[in-house]
Amino acid sequence: MNSLISATDVNVSKSGKTILKDVSIQINKNDFITIIGPNGAGKSMLLKCIMGFYQPNSGIIKRKPNLKLGYMPQNLDIIKTIPIKVQKFITLKKKFDKISLQKVILETQIENILDKQLTILSGGEMQRVLLARSLLNNPDVLILDEPAQNLDVSGQMHFYKLLQKIYSKRELSILMVSHDLHLVMVSTKQVICLSNHICCCGQPQQIANDPEFLSMFGKDMAEVMAVYQHANKENYEKNNNSLGENHH
Amino acid sequence: MPTKKIMKKITIHLEKIITDPFIIRGIIAGIAVALVSGLVGCFVVWRRLSYYGESIAHSSLLGAGIGILLGIGINFGVVFVCLIFGILFLWLQQSKSLSSDTLLGVIAHFALAIGIIVISFNKIKIDLHAFLFGDILTVSSADILGMYIGVIIAITLILSNWSSLVLVTLDEDLAKSEGINPLYVNVLLTTIMTIVVALSLQIIGLLLITAMLIIPAATARRLVNSPEAMVIVSTVIGIFSVIFGIYLSVEMDLPSGPSIVVVGSILFFLSHMFGIFLKKE
Numbered sequence: 001m002n003s004l005i006s007a008t009d010v011n012v013s014k015s016g017k018t019i020l021k022d023v024s025i026q027i028n029k030n031d032f033i034t035i036i037g038p039n040g041a042g043k044s045m046l047l048k049c050i051m052g053f054y055q056p057n058s059g060i061i062k063r064k065p066n067l068k069l070g071y072m073p074q075n076l077d078i079i080k081t082i083p084i085k086v087q088k089f090i091t092l093k094k095k096f097d098k099i100s101l102q103k104v105i106l107e108t109q110i111e112n113i114l115d116k117q118l119t120i121l122s123g124g125e126m127q128r129v130l131l132a133r134s135l136l137n138n139p140d141v142l143i144l145d146e147p148a149q150n151l152d153v154s155g156q157m158h159f160y161k162l163l164q165k166i167y168s169k170r171e172l173s174i175l176m177v178s179h180d181l182h183l184v185m186v187s188t189k190q191v192i193c194l195s196n197h198i199c200c201c202g203q204p205q206q207i208a209n210d211p212e213f214l215s216m217f218g219k220d221m222a223e224v225m226a227v228y229q230h231a232n233k234e235n236y237e238k239n240n241n242s243l244g245e246n247h248h
Numbered sequence: 249m250p251t252k253k254i255m256k257k258i259t260i261h262l263e264k265i266i267t268d269p270f271i272i273r274g275i276i277a278g279i280a281v282a283l284v285s286g287l288v289g290c291f292v293v294w295r296r297l298s299y300y301g302e303s304i305a306h307s308s309l310l311g312a313g314i315g316i317l318l319g320i321g322i323n324f325g326v327v328f329v330c331l332i333f334g335i336l337f338l339w340l341q342q343s344k345s346l347s348s349d350t351l352l353g354v355i356a357h358f359a360l361a362i363g364i365i366v367i368s369f370n371k372i373k374i375d376l377h378a379f380l381f382g383d384i385l386t387v388s389s390a391d392i393l394g395m396y397i398g399v400i401i402a403i404t405l406i407l408s409n410w411s412s413l414v415l416v417t418l419d420e421d422l423a424k425s426e427g428i429n430p431l432y433v434n435v436l437l438t439t440i441m442t443i444v445v446a447l448s449l450q451i452i453g454l455l456l457i458t459a460m461l462i463i464p465a466a467t468a469r470r471l472v473n474s475p476e477a478m479v480i481v482s483t484v485i486g487i488f489s490v491i492f493g494i495y496l497s498v499e500m501d502l503p504s505g506p507s508i509v510v511v512g513s514i515l516f517f518l519s520h521m522f523g524i525f526l527k528k529e
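Protein chains in written order, with my numbering: chain V, 1 to 248; chain X, 249 to 529.
Because the hints were derived from the structure by calculation, they are not lab data.
Heads up, a few of these hints could be off.
Unchecked claim - Over the 12 Å line for every Cβ pair with chain X, so calculated as not near, a few chain V residues:
no., residue
1, Asn-30
2, Ser-44
3, Asn-75
4, His-158
Stated by the list, open to error - Taking lysine-lysine and the BS3-like style, the derived pairs with C-alpha atoms no more than 25 Å apart in a straight line are:
no., chain 1, residue 1, chain 2, residue 2
5, V, Lys-29, X, Lys-424
6, X, Lys-424, V, Lys-48
7, V, Lys-85, V, Lys-21
8, V, Lys-95, X, Lys-264
Note that the Cβ used here is the ideal one computed from N, Cα and C, for glycine as well.
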């Protein structure tokens, strides 16, 4: 088996409602897959099935033996009521060594907030801390569920830039749910459009012209995407870290 | 010298207290309560489970009644019935059609009502007042032994699952990604809360058990910056409240539970003010 994770014909229904219908997806080495779709499309459920948190009604999910997963949730359930420092949170219940910890801290730029309380972090800091935790075990596959949902536009760009940098430096595959398609365009190799079933999938450029995509997101979104792709592609070749600057 | 006189008076006074076996037993039992409630109370505060704790406490009266009816003893009856209701609440919380506080409200008060009916049977001679407000005079040496067995079980269970419990508290999905089963952790926590309720019934009384869970932990919250420190500080605050509260209750002939809770609450307000003061600096 070549792929790291493969899900075949996954079906999930809850109290009579179909959430996932015949969804198949493969994650190979060095993939960068972005899942988009409207609310209630089953995006989070698909991630849960892939990670093994949820048992689908039917379908086969295969993970390569000893595959290491990293998971970054959108936010934490509880942060206000419990006093805990960033460093403690990152390492809680994790298997890791000192070198990986140091590496992750530098990668995600959290060296200055290690002693801060989790409760007082800004949105951007919190996302970097969650990212750091998910990277600590040197995962083969990193799974992110709308990682930049709670950030403002510049925060989102900063986060995706960071993610792109980590992706290019590490040997890992990324599976991400995100609505910020125009921002992740450069990095994404494959887009999957999910609305309970897979409507369309392929490279970002193909997707933008797909009638299914157009009917779901409208022409405006497709045009926005096309513009970003173009601008980003040109800049990207000149300067590897230019994602933040071509926003006009 | 007036100071000498006062000192002598205090010494005689303290001597009287520490030689009274009832008071000593009450304090030793109270410390048992504080040891577990400080620890478990932190999770109640972190996970916003106070109403859940209250509901378990409400079902304890039924447990006491059943324990006497079946002749298995009050403590076993309480642990048994509270555990059943605790698991029932957990299961009901999964349902999304009614909010969990409504469901808890219905079942908890149902349990309380049945409990009052059961203990009002003629066969059962129970001092309801002692059950509601706590009475240290009812504590026997055998009770204390049972309590400390409960304390050891509860503390061992929590400490051996410590980081799993904290991680589930922070985020259930994150815990799942580390291979922790949140259901297992929730059942564990319910079991331990049941033990706490059974332990506290004699000293604190049914009505105020939740206070003993929340107040020391809430008092500690402002003063600490790690989960472990919060547990230690809240336990110390609980022990102090118990000793001083029982002292007051003996001295002024008050029910023990309310006295302990009043002392704890005063500490809470003090720590709150201290916390505001700290922040300004």
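Now the hints, each set against the structure:
no.	hint	result
1	Asn-30	22 Å, holds
2	Ser-44	9 Å, violated
3	Asn-75	8 Å, violated
4	His-158	23 Å, holds
5	V/Lys-29 x X/Lys-424	24 Å, holds
6	X/Lys-424 x V/Lys-48	10 Å, holds
7	V/Lys-85 x V/Lys-21	42 Å, violated
8	V/Lys-95 x X/Lys-264	56 Å, violated
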